[in-house]
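Chains as they are written, first to last, in the numbering used here: chain H, 1 to 218; chain C, 1 to 344.
FYI, nobody ran anything at the bench for these hints, they're computed from the structure. All of these numbers come straight from a predicted model, not from anything done at the bench. Cβ coordinates follow ideal geometry from the N, Cα and C atoms, glycine included. Fair warning: there could be bad hints in the mix.
[As the list claims (entries may be wrong)] Simulated DEER-style distance windows between Cβ atoms:
#1 C:Glu326 <-> H:Phe29: 29 to 37 angstroms
#2 C:Thr321 <-> H:Phe29: 44 to 52 angstroms
#3 C:Ala261 <-> H:Gly136: 46 to 54 angstroms
#4 C:Thr23 <-> H:Arg95: 36 to 44 angstroms
#5 C:Gln116 <-> H:Leu66: 52 to 60 angstroms
#6 H:Ala116 <-> C:Tyr208: 50 to 58 angstroms
#7 H:Gly176 <-> C:Val330: 32 to 40 angstroms
#8 H:Val45 <-> C:Met1: 38 to 46 angstroms
#9 C:Ala261 <-> H:Leu166: 29 to 37 angstroms
What follows is the residue order along each chain.
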Amino acid sequence: MRSSAPALAEQFDSFEHQRESSVLGMWVFLGAEMIFFGGAILGFVEFRHAYVADFNAASNHTKIVLGTVNTAVLLTSSLFMALAVHAAQEGKNRRLLGFLAATMLLGTAFLAVKFAEYYLEVVEGLVPGPRFRMDGADSRHAQLFFVCYFTMTGVHALHLIIGIALLGFLGLRTLGGKVTPQNHNVVEVGGLYWHFVDIVWIFLFPLLYLLGRHAGHG
Amino acid sequence: MPLFVWSLYATSIIQVLATPAVTIGLGLIGIERIWKVGFFNPAMGGDPILFQHLFWFYSHPAVYVMILPGMGVESELLTTHARRRPYGYAFIAGSSLAIAVLGFLVWGHHMFVSGQSVYASMVFSFLSFFVAIPSGVKVFSWLGTLYKGAIAFTTPMLYGLGFIGLFTIGGLTGLFLATLAVDVHVHDTYFVVAHFHYIMVGGMVMAYLGAMHHWWPKMTGRLYPEGWGRLSALIVFVGFNLTFFPQYVMGYLGMTRRYHAYAPEFQVYHVLSSAGASILGVGYLLPLFYLIWSLKYGPKAGGDPWGGTTLEWKTPSPPPTHNFEEPPVVTEDPYSFPSLEEGR
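Please model the entire structure based on the sequences and the hints provided.
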């Protein structure tokens, strides 16, 4: 095994110190991300409040089956991510690599399904623009729903792409022998990010897919 | 830990947590402009108040990003140049964090007349009064620090004293603006302009100039001419008050901001204000000359020209690349001034 000694950065007294600092740094970053997505969600909720009927009608055009499948896919990927962190803590680097690969695979599957959804929506003419029309609703307000939909899911997909690249980087670090039980915080921090992206979806899914349907039938 | 570091800690929290709100706001504006869909523009079905919320959620904390480092500097100036421990160290440090937290909860006080809910305005007004508490704690702690201190009227100290006076006036008039009924009267008038400048210029720029003079010898290894420094501090103080105090008066009398034309009865205040601005300009330009002059002709400063106790004064000026030849061992708190007790 290529066992280059785990690197303790110059500014830290101990591995414990280094680990706590990097975990704190990731939480601070996630706090900032929360405010970022929070702003977009605030906008969506406000417009939904203003144009309830149109937003409900537009929401019924989202692809609920694909969305539900994707929710399951992403939640399962988070399970594998948690297992990967556990494997890293125990120093089982083979299993760690396997779990990382599984997480990446599911993340990619999510993106594939998401882009299939986008394709269907493009074909149906749901993309905002001068030719956007929706029967049975004020087209302009329904269009606003799809602006929010594409913006929020698009930014989420971007985060997921970055996440997959991050996991690839973690895999390379593991292969290079840089991840040890003593110094596994890169995996832990990467895991935090992955779970965050998952949780953002847990908010987006009901807001965009479920709320309108429920209200529409109620 | 020096109080300046605490204030930077509070500033960093705000920067990290407030900026994403304006990021998403900018992103939405970009989408609105490029794809012509209405987020904020009412002509396209958007809501301008939503933009104001996203904007002020960032931009109110942003003013604390500007003033908090100034408050940290103030604590360093007063302790060093009065040779006193800070009065209520924990309170000064804690009030920085309290300002950072409360600063996130008051953005709606910029929107009292925007058409937001009256109940929201009431809550924002109430919370805005709350920010006055940590600010007041700071001012009284600084005064307590000066009490019985060996005050040396050096240039940094003069800027520090100016900061206390101007910041207090600016802070108190902030309370007027946080009061709902009064704000309807003075909203978008010169009163707001004067309030803002008493905090940002009277507070932050004074702190900036104070810090510049305080750490100049450390940065460059040279002393500036003290007489010229004091003169410029005095000119800045006088010029600033002459510029902005008349704006409180004319704002209260109804002079609105952002108009180049005004009723003839406001003429005298405008003339005073312009005259003050010219004096202020002289005060700002003076340091430019004598500080540059000092780079070549100023006497050598040595490691600790002020008798400071924090770590930066324990290394030569300007500091070597790695600050210290060997890592210093810290055995006492940053504000132990032995010389004061011995000197008595």
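Each hint tested on the structure:
1. C:Glu326 <-> H:Phe29: 29 to 37 angstroms: holds, 35 angstroms
2. C:Thr321 <-> H:Phe29: 44 to 52 angstroms: violated, 31 angstroms
3. C:Ala261 <-> H:Gly136: 46 to 54 angstroms: The hinted range 46 to 54 angstroms holds for Ala261 (chain C) and Gly136 (chain H), with Cβ atoms some 52 angstroms apart.
4. C:Thr23 <-> H:Arg95: 36 to 44 angstroms: Since the Cβ atoms of Thr23 (chain C) and Arg95 (chain H) sit about 38 angstroms apart, the hinted range of 36 to 44 angstroms holds.
5. C:Gln116 <-> H:Leu66: 52 to 60 angstroms: violated, 39 angstroms
6. H:Ala116 <-> C:Tyr208: 50 to 58 angstroms: holds, 56 angstroms
7. H:Gly176 <-> C:Val330: 32 to 40 angstroms: The hint (32 to 40 angstroms, Cβ to Cβ) holds, given that Gly176 (chain H) and Val330 (chain C) are roughly 38 angstroms apart.
8. H:Val45 <-> C:Met1: 38 to 46 angstroms: holds, 41 angstroms
9. C:Ala261 <-> H:Leu166: 29 to 37 angstroms: Because 58 angstroms falls outside the window, the suggested range is violated.
In this structure, the earlier hints numbered 2, 5 and 9 are contradicted, and the remaining ones agree with it.
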